[in-house]
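> Following the hints, complete the assembly by docking chain D onto the known chain P.
2 protein chains.
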Amino acid sequence: MEKKMKFAVILSGCGVYDGSEIHEAVFALLSIDRNGGEYQVFAPDKDQYHVINHLTGQPSNEKRNVLAESARITRGKIKPLSSFNSADFDALVLPGGFGAAKNLSTYAFDGENLKVDPEVEKALIDMHKANKPIGALCIAPVIVAKVIKGAKLTLGEISSASKAAEKFGSTHKIVNAGEIVVDNDNKIVSSPCYMYNARISEVAEGAENTIKAILKLLK
Amino acid sequence: MEKKMKFAVILSGCGVYDGSEIHEAVFALLSIDRNGGEYQVFAPDKDQYHVINHLTGQPSNEKRNVLAESARITRGKIKPLSSFNSADFDALVLPGGFGAAKNLSTYAFDGENLKVDPEVEKALIDMHKANKPIGALCIAPVIVAKVIKGAKLTLGEISSASKAAEKFGSTHKIVNAGEIVVDNDNKIVSSPCYMYNARISEVAEGAENTIKAILKLLK
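In order, the protein sequences belong to chains P and D.
For reference, each letter of the first sequence is one residue, going 1 to 219 in our numbering.
For reference, each letter of the second sequence is one residue, going 1 to 219 in our numbering.
Looking at chain P on its own, in the form it has when it is part of the complex:
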C-alpha cells in the first residue's frame, strides 16, 4: 500500500471575519482525504484578536480562544501549534479568512508592516528549509510572502495585499478564484478562493487544485 502523505493544516479560529474561512478550511480537509492524504490540524493556543458578530459585522466584547474555536471545524481533533514538528509532515496548508490576517499575523491592522505569529513563522520556515510543499489560500499567501522571500504566488486581483507581497520580494500573478499558482522552486501553491466574491463551488475547486498540486510536488 502506498504511504499516505501527511498534511499539517493551520487554522485561525472559526468564521471568516475573525477566524478561518470555514469553507476554505473544510474543502482543504476534504481534498486531502479525497486524494488519499491524511491530516493533523493545528492552531495557536491564544485569544483571538477580537470576536465579530457575523450577522451584524460588528465586534462584540466576547473573548474566544483560537485553538478552541478552530476545534469546531475539526470536531474536536486538533493540537496546539506549539507542538508542531515539521519532521512529522510532508506538507503544510494555511486556509484563509480574516483569522489569517488578525490571529496568525497582524496584516489586517499593520498592512505591509505585518508581524507573523512566531509559531506560524517557525512552521513555515522549518517546512521550507526541509524543502516540503506549502499551500496557502485566500489572504494566507501574504504571510507566506513575508516569511519566504522570492516566492511566486497569487492573492487574486491587484490589491494592497498583492502589493505588500511584491514589496516582500514575491512575484504576484493574477488568477481566478478556483485556479492556482505553483512555485516549483519554493514548492508553494496558492489559490485566491474568497479573495474574490466567489461561488462556494469555485472555492472548493481552488482548495482541491491546491491539494492536488501539492501531492504532485510530493511525487
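If you're looking for bench data, these hints aren't it; they were derived computationally from the structure.
Ideal placement from N, C-alpha and C gives every residue a C-beta, glycine not left out.
Certain hints may be false.
[As the list claims (entries may be wrong)] Chain D regions said to be covered by chain P (calculated; three or more residues, Cβ under 8 Å):
| hint | segment |
| --- | --- |
| 1 | 27-37 |
| 2 | 47-58 |
| 3 | 62-71 |
[To be verified] In the DSS-like style, the derived pairs of lysine-lysine whose C-alpha atoms are separated by at most 25 Å in a straight line are:
| hint | chain 1 | residue 1 | chain 2 | residue 2 |
| --- | --- | --- | --- | --- |
| 4 | P | LYS63 | D | LYS46 |
| 5 | D | LYS173 | P | LYS46 |
| 6 | P | LYS6 | P | LYS77 |
| 7 | P | LYS63 | D | LYS3 |
| 8 | D | LYS173 | P | LYS77 |
| 9 | P | LYS46 | P | LYS63 |
| 10 | D | LYS3 | D | LYS46 |
| 11 | D | LYS173 | D | LYS163 |
| 12 | D | LYS129 | P | LYS63 |
Relative to the frame of chain P, chain D by itself:
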C-alpha cells in the same frame, strides 16, 4: 435557461457539539451550488441551549445566539427562520450536529419526548403539505420523523434515535454514512453522515447524494 431550484437550509449554530455540524452544512451548500441549485440559509433567532468548548468537550458559561453563530458558516448571509415562507422554495434541507438535537429540538435531553422548535415544525409541515422535498442529514431525520408521520428514513445504525423515529411511525433503514434513503411518497431524503464515525469524504458524499436525490424528485 433552466430555472434554478431554490433550497432553504436551516442551520442550528456553528460546531458539532452545540450547533450545526460544520462539514455537513458546508457540503450541503456546496452540493446545491455544484448541481445547479441556489440556496437561502435560515436559523432561529434565539440563544443556543448552551455553548460547548470543542477542545475540552465541556460546557462553558458563555451565551451565543443560534442565528449569529450560524452566520459564520454562511459568511453573514442568513435570515431569521421566522421569515421563512414555503412558497419561496422548492426544497428544504436540515444538516445535523447536536444543534439539531439541542436548538432545533430537545431530542438530546428529552429523547422520544422531544419538542420541536415551533418555527422548524412549521417549516417542515408547510413544505410537506406543499408536496416539496425535504432533506435531512445525521440526527436531523429524528425531527422529520416527529413532525411528518409515516416517513421512511435513516439514522444510521439501530440506536435510541432510530427507535424513537420508529415509535413516531417512521420506517427506519440502515445504510452507510455516504448513502441515502429516499421516501418517494413523502419526498423525504436522508443520509446518516456523522451518525457514524465517518471520513470527511463519506460525509461529503452523503450530502451530495441527498441534494442530487432531491433534485431528481423535483424533475
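> Next step is simple, just say for each hint if it's right about the structure.
So, going through the hints one by one against the coordinates:
1. For the segment 27-37 of chain D, the stated coverage by chain P is satisfied: 5 residues place a CB nearer than 8 Å to a CB of that chain, which reaches the threshold of 3.
2. Evaluation of the coverage hint for the segment 47-58 of chain D: fulfilled, as 5 residues show C-beta separations to chain P shorter than 8 Å, against a requirement of three.
3. Under a criterion of three residues with beta carbons nearer than 8 Å to beta carbons of chain P, the stated coverage of the segment 62-71 of chain D is upheld, 6 such residues being counted.
4. As the CA atoms of LYS63(P) and LYS46(D) are separated by approximately 20 Å, the hinted pair is consistent with the 25 Å bound.
5. As the CA atoms of LYS173(D) and LYS46(P) are separated by approximately 45 Å, the hinted pair breaks the 25 Å bound.
6. For the suggested pair LYS6(P) and LYS77(P), the alpha carbons sit about 15 Å apart, so the restraint of at most 25 Å is met.
7. With a CA separation close to 45 Å, the supplied pair LYS63(P) and LYS3(D) exceeds the 25 Å bound.
8. At most 25 Å may separate the alpha-carbon atoms for a hinted pair to count; LYS173(D) and LYS77(P) exceed this at roughly 30 Å.
9. Between LYS46(P) and LYS63(P) the CA atoms are separated by roughly 10 Å; this keeps the pair inside 25 Å, and the hint holds.
10. The suggested pairing of LYS3(D) with LYS46(D) is violated, with an alpha-carbon distance near 34 Å, which exceeds 25 Å.
11. Proposed proximity of LYS173(D) and LYS163(D) is supported: the alpha carbons are some 11 Å apart, at most 25 Å.
12. Distance check on the hinted pair: LYS129(D) and LYS63(P) sit about 44 Å apart at the alpha-carbon level, beyond 25 Å; violated.
Going down the numbered hints, you'll see the structure goes against 5, 7, 8, 10 and 12, while the others check out.
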